[in-house]
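Number of protein chains: 2
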Amino acid sequence: MTVQLNETHAPHLKSWVASANDGQTDFPIQNLPFGVFRRAGSHEHFRIGVAIGDQILDLHLAQQAGIFAEVTNSALANALAASSLNALMNLGNGVASQVRLALSKALREGATAQEKLVGALIAQSEAEYALPAQIGDYTDFYTSIHHATSVGKLFRPDNPLLPNYKWVPIGYHGRSSSIGVSGQQFRRPVGQTMPPNATAPNFGPAKRMDYECEVGMFIGQGNALGDAIAVDQAEQHVFGLCLLNDWSARDVQGWEYQPLGPFLAKNFASTISPWVVTMEALAPFRTQWTRDAADPQPLPYLDYPDLREQGAFDIELEVLLQTEKMRAEGTAPQRLSLSNFRHSYWTVSQMVAHHTVNGCNLQAGDFLGSGTQSGPRPEEAGSLLELTEGGKKPIVFSNGEQRVFMEDGDSIIMRGWAQKDGAVRIGFGAVEGRLLPARSF
Amino acid sequence: MTVQLNETHAPHLKSWVASANDGQTDFPIQNLPFGVFRRAGSHEHFRIGVAIGDQILDLHLAQQAGIFAEVTNSALANALAASSLNALMNLGNGVASQVRLALSKALREGATAQEKLVGALIAQSEAEYALPAQIGDYTDFYTSIHHATSVGKLFRPDNPLLPNYKWVPIGYHGRSSSIGVSGQQFRRPVGQTMPPNATAPNFGPAKRMDYECEVGMFIGQGNALGDAIAVDQAEQHVFGLCLLNDWSARDVQGWEYQPLGPFLAKNFASTISPWVVTMEALAPFRTQWTRDAADPQPLPYLDYPDLREQGAFDIELEVLLQTEKMRAEGTAPQRLSLSNFRHSYWTVSQMVAHHTVNGCNLQAGDFLGSGTQSGPRPEEAGSLLELTEGGKKPIVFSNGEQRVFMEDGDSIIMRGWAQKDGAVRIGFGAVEGRLLPARSF
Numbered sequence: 001m002t003v004q005l006n007e008t009h010a011p012h013l014k015s016w017v018a019s020a021n022d023g024q025t026d027f028p029i030q031n032l033p034f035g036v037f038r039r040a041g042s043h044e045h046f047r048i049g050v051a052i053g054d055q056i057l058d059l060h061l062a063q064q065a066g067i068f069a070e071v072t073n074s075a076l077a078n079a080l081a082a083s084s085l086n087a088l089m090n091l092g093n094g095v096a097s098q099v100r101l102a103l104s105k106a107l108r109e110g111a112t113a114q115e116k117l118v119g120a121l122i123a124q125s126e127a128e129y130a131l132p133a134q135i136g137d138y139t140d141f142y143t144s145i146h147h148a149t150s151v152g153k154l155f156r157p158d159n160p161l162l163p164n165y166k167w168v169p170i171g172y173h174g175r176s177s178s179i180g181v182s183g184q185q186f187r188r189p190v191g192q193t194m195p196p197n198a199t200a201p202n203f204g205p206a207k208r209m210d211y212e213c214e215v216g217m218f219i220g221q222g223n224a225l226g227d228a229i230a231v232d233q234a235e236q237h238v239f240g241l242c243l244l245n246d247w248s249a250r251d252v253q254g255w256e257y258q259p260l261g262p263f264l265a266k267n268f269a270s271t272i273s274p275w276v277v278t279m280e281a282l283a284p285f286r287t288q289w290t291r292d293a294a295d296p297q298p299l300p301y302l303d304y305p306d307l308r309e310q311g312a313f314d315i316e317l318e319v320l321l322q323t324e325k326m327r328a329e330g331t332a333p334q335r336l337s338l339s340n341f342r343h344s345y346w347t348v349s350q351m352v353a354h355h356t357v358n359g360c361n362l363q364a365g366d367f368l369g370s371g372t373q374s375g376p377r378p379e380e381a382g383s384l385l386e387l388t389e390g391g392k393k394p395i396v397f398s399n400g401e402q403r404v405f406m407e408d409g410d411s412i413i414m415r416g417w418a419q420k421d422g423a424v425r426i427g428f429g430a431v432e433g434r435l436l437p438a439r440s441f
Numbered sequence: 001m002t003v004q005l006n007e008t009h010a011p012h013l014k015s016w017v018a019s020a021n022d023g024q025t026d027f028p029i030q031n032l033p034f035g036v037f038r039r040a041g042s043h044e045h046f047r048i049g050v051a052i053g054d055q056i057l058d059l060h061l062a063q064q065a066g067i068f069a070e071v072t073n074s075a076l077a078n079a080l081a082a083s084s085l086n087a088l089m090n091l092g093n094g095v096a097s098q099v100r101l102a103l104s105k106a107l108r109e110g111a112t113a114q115e116k117l118v119g120a121l122i123a124q125s126e127a128e129y130a131l132p133a134q135i136g137d138y139t140d141f142y143t144s145i146h147h148a149t150s151v152g153k154l155f156r157p158d159n160p161l162l163p164n165y166k167w168v169p170i171g172y173h174g175r176s177s178s179i180g181v182s183g184q185q186f187r188r189p190v191g192q193t194m195p196p197n198a199t200a201p202n203f204g205p206a207k208r209m210d211y212e213c214e215v216g217m218f219i220g221q222g223n224a225l226g227d228a229i230a231v232d233q234a235e236q237h238v239f240g241l242c243l244l245n246d247w248s249a250r251d252v253q254g255w256e257y258q259p260l261g262p263f264l265a266k267n268f269a270s271t272i273s274p275w276v277v278t279m280e281a282l283a284p285f286r287t288q289w290t291r292d293a294a295d296p297q298p299l300p301y302l303d304y305p306d307l308r309e310q311g312a313f314d315i316e317l318e319v320l321l322q323t324e325k326m327r328a329e330g331t332a333p334q335r336l337s338l339s340n341f342r343h344s345y346w347t348v349s350q351m352v353a354h355h356t357v358n359g360c361n362l363q364a365g366d367f368l369g370s371g372t373q374s375g376p377r378p379e380e381a382g383s384l385l386e387l388t389e390g391g392k393k394p395i396v397f398s399n400g401e402q403r404v405f406m407e408d409g410d411s412i413i414m415r416g417w418a419q420k421d422g423a424v425r426i427g428f429g430a431v432e433g434r435l436l437p438a439r440s441f
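Quick mapping for you: the protein sequence lines, in order, are chains A and B. Numbering-wise (UniProt numbering), the first sequence opens with residue 1 and increments by one. Numbering-wise (UniProt numbering), the second sequence opens with residue 1 and increments by one.
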């Protein structure tokens, strides 16, 4: 099932878009992530684009310029003229791969298409973004054993890691309607919380506001209700990955989550990065998947030949915080953590196979979250709950401010990238979101 | 907030559609539920209709016949020409109420519109249905304290009813993609289960297949992200109610559900009835909401003036089972239970207010489930899990067959209706679904 490296991954490739070649950009010609954009502040229809350096290539215009003439799919022109990626996702990764190859050829140094495509570029600095797809269903997994163990200790001190964890890729359904794209601002949620030793709940703004650093997955071609997607075919049903901040109100969560899971603690907002990096672009960054020797091996429906050698992805995940004061005084966002998706206890393929093993149907544009990606070391924790040990150990910043949980006006910025010797570094861009004060109530 | 009775509820009203007046139909002129239909077996576009007796009135044709001339909304014509109810739902209950009044006038005995509308009728026996709306997000609540207590005893013998239950209308997010309309057939799900005293999970078809008898709610006009819907306004945001069968694989659920709630145990299929009965049609059947004297009163955001006198709805809920053998031998479906929505510990208004108190946005066509509606007596239990005491006490049918959980080929039929002295009985029709054998694996 592994995507093989091909000419689109060649490290020597450069683009005629000069900013794609500076060695710093998240978007060299080896990346080519898909997104949905328009001119900022305009009332234009949103349209589909691909990031290249500091520019966006408008794919509808590129299609009209004829660069996809060799892609053999009669539905492609309509899919590229849409205002979301759903139709393109639904064509399957085979078509997406042909589109990628055509883009790679057309954007290379010396490409004859350059002249026709110059007018199809818009600077990212002049763009605004929409969600890449209309998300039908959103499922959030819980694949970091380090996160599950740390959080389990706080919610269930005597029983941190439940007996199903090493067998079942635990997941639950999330809320689609409140997912927004980077730049989302949202009010501090209001709700019920139960203070320690109280006999009746409090009602008011949540006090323990947190983020969760996750990898997001967009489903490409789905499956029919009743069919399962085999684990060794699963990545063919994943269009690509992005970054996800799954905002959480920990005090609401602690009171409401039993027995049916988190609800109002999570569904007030979730924020994702605008660019979807395809599975093909990530092929050079596959890496080993490992379990402790004492851990059970995955059941056959979750096991596949490439799992142990290259089932995981080496993607660095950085989280930064910027307070209102930092913004005012010009202080840059401060790093909270740096982790890596390779620590995930369950792989992308395993999540998809597990989700559909019972016949549940996935649809193009459906969205999966990986769960908070905390690494094995304390400084790799993907949430404030973990970093501050449940709010007991403040984080102190260089300007003297400190935090245990988020305060109004705080922004969280997440970045992701993949790099290794012999490959060109690719990035996910950023996802940024800001907490606003609670509504009056 | 209470919908007052008006001329559409008058018990003396009869329709020129004779079958609406037989005293037996679920769909007298006082009901007028909305649905989406087409001629069975055709490739027609689905369209919007209203049930009247044993007929369906095509609302696009009715609109073209001019019967909504007095409804003052410029978007109505497009909404009625659509193939789902989302656009009509989004216009709000004020518009829906005007549409209902116009329908009541046009379908009454002696209406001048009769001549123009005869051609806009199609027999229900010749129709097939689609989901009433494209469901964006689906949320399932857990509002029967009798169900929560019985099931809690089976999953957590030492801790059946959790301390949050009497404060928080517990809910969680469900799966939209696998919701189907009455007639849905689905395969027995395959998955992991953990047998008692085993050290590793089993993998195979679920053995403890169950249904859950619920009331479904379709959201009408929604709310913006960050805003809350006040509890005394909440019913203005509910377009209407239907029946919901939330199929459940109990053995999968028992192994997977901690700590984040049910997932594969529920998301393989959920089935709803095709007709949405409006809140206005249900106005005569409002009834008292009660708590035990020792129970806490609801927090202010869940309390409202009409709550105790008429916050609940008196809706009978009947569940029947028909095995393959019964179908073959012509034995009618056998009743499993009869319960009533009035036993719900939380009301429709409280569910909507709670769902949005944190700013979560609801959208037209979103769907809420009430959770299994078990009443206080054992024969009012809304699932096999409860009726058979966790699979220990078989149900024996008149043809000699018996069940603890569902077997392949079993159909579950649910019916709902409301009746009281001084009002015309209205019904929900039925929701039927059938369990097929597991896929090969």
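There could be a bad hint or two in this list.
With a straight-line cut-off of 27 Å between C-alpha atoms, the simulated DSS-like cross-links for lysine-lysine are [stated by the list, open to error]:
#1 Lys153/A x Lys325/B
#2 Lys420/B x Lys325/B
#3 Lys207/A x Lys14/A
#4 Lys207/A x Lys166/B
#5 Lys153/B x Lys166/B
#6 Lys153/B x Lys393/B
#7 Lys325/A x Lys14/A
#8 Lys166/A x Lys207/B
Treat the hints as calculated values from the structure; they're not laboratory data. Quick caveat, the model's predicted, so the values are computed rather than measured.
Quick rundown of the hints versus the structure:
1. For the suggested pair Lys153/A and Lys325/B, the alpha carbons sit about 52 Å apart, so the restraint of at most 27 Å is broken.
2. Distance restraint check for Lys420/B and Lys325/B: the Cα-Cα separation of roughly 37 Å exceeds the 27 Å cut-off, and the hinted pair is therefore not satisfied.
3. The suggested pairing of Lys207/A with Lys14/A is violated, with an alpha-carbon distance near 49 Å, which exceeds 27 Å.
4. The hinted pair formed by Lys207/A and Lys166/B meets the criterion: a straight-line CA distance of about 23 Å does not exceed 27 Å.
5. This hinted pair checks out: Lys153/B and Lys166/B have alpha carbons roughly 17 Å apart, not beyond 27 Å.
6. For the proposed pair Lys153/B and Lys393/B, the alpha carbon gap of about 16 Å is at most 27 Å, so the pair holds.
7. As the CA atoms of Lys325/A and Lys14/A are separated by approximately 41 Å, the hinted pair breaks the 27 Å bound.
8. Distance restraint check for Lys166/A and Lys207/B: the Cα-Cα separation of roughly 23 Å lies within the 27 Å cut-off, and the hinted pair is therefore satisfied.
Hints 1, 2, 3 and 7 from the list above are not met by this structure, while the remaining hints are.
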